[in-house]
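Student: Sequence:
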Amino acid sequence: MRITGTTTYVMDSPGREYLFVKVQTDEGLHGWGEGTLEMKQGTVAAAIRDLEGFILGQDPTRIDFLWQRMYRHGFWRGGEGILTAISALEMALWDITGKAFGQPVYRLLGGAVRDEIPCYTHFGSVDQARTLVADGWRALKSGLRLPERAGRTFEEGPAIAATAAFYESTRTAIGPDIALMCDVHGRLRPSAAIRLGRALEPVGLSFLEEAVPPDNVQSLRRVRDAGLSMDLATGERAFTKWGYRELIEGQLVDVIQPDLCHTGGIKETLKIAAIAETYGILVAPHNPNGPVGTAASVHVAAVVPNFSILEYAQSPTRDACQAGGEETWLKARNGRIALPERPGLGVDLDEDYLRARPYTGVKLWPGIFHPDGGVADV
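Here this note's numbering is used: the first residue of the sequence shown is 6, the next is one more, and so on.
None of these hints come from the bench; they were simulated from the model.
With a straight-line cut-off of 27 Å between C-alpha atoms, the simulated DSSO-like cross-links for lysine-lysine are:
hint: 1; residue 1: 45; residue 2: 368
hint: 2; residue 1: 246; residue 2: 27
hint: 3; residue 1: 45; residue 2: 27
hint: 4; residue 1: 27; residue 2: 336
hint: 5; residue 1: 272; residue 2: 336
hint: 6; residue 1: 27; residue 2: 368
hint: 7; residue 1: 146; residue 2: 336
hint: 8; residue 1: 246; residue 2: 272
hint: 9; residue 1: 146; residue 2: 45
Whenever a hint applies, use it, and build me the whole structure from the sequences.
Tutor: Shown next, in the form of structure tokens:
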């Protein structure tokens, strides 16, 4: 069996565009991968074109060999654009390999160590949190709140106060037994992150995510040394085992959040998770992605002993782009995802649906600014 070509789709969707790649073979088997990278879909599509030559004509089941070629023989390594493209192609190779051997991918990785995959989802208001809990969700995440009067202006003090008030109201509404997480998106300096953590301690957070910008992982040490009562989590903007080394060896967080669409794919995430396991660090994959990235995350979560919980972003188009009837779609039900039984990743996409919703534009984040007009982290 040999790889004969790739087809890339960028699908428009409210709030997020999805990038999928289909890898074809001469025996009729195909595999799907996902390279969704917000606001950078054109970059990823171009990187896939650049990398295609490394896999054309090759045996798709030689996954590690082809990964090494794409990563090492390009000379210029790393960066989210190239690694997202590599991740997408690597997922597709696993999908083909599972189909070739007639097994779900997690069985080729050693078999499941759990029976189902617990998930958390996002909420934006107290009322929405109540609704999600009523729908069966047991774990929820929101983020740093900007006071309504501030618009797109960011000030640390008002943001911390508004976030603490929001989470206090949410906890009162949903009770003590629902897990709550807070994503800071790297907007705070270490001292401000500590103040936020202190303000949120009465709420009983499961983890505080990306409390400081990811550019200097050692800045987490000040937050770590503050002795906050909740776990610290980060890692959605770290890539490969090399990018995670300092974070894990320094034991700077309790939970790492590799994103399979960016960090190098399925096998690379397993390596990162294994290193984290030796330090007692949990794995909660970052996954605001579409059905293919979610499926890849599910297969990894199935086999990783130190897996904790999977992020799951709800979206009608995210579900509807899957082929087959709704009963066959890979999706969370009651805050859980059942282990796939179909060969490969267990998802297929409706190409007519993808073609009917092309994304061809260029989109920029609206941005957040300091009161003096200076650029703030989003």
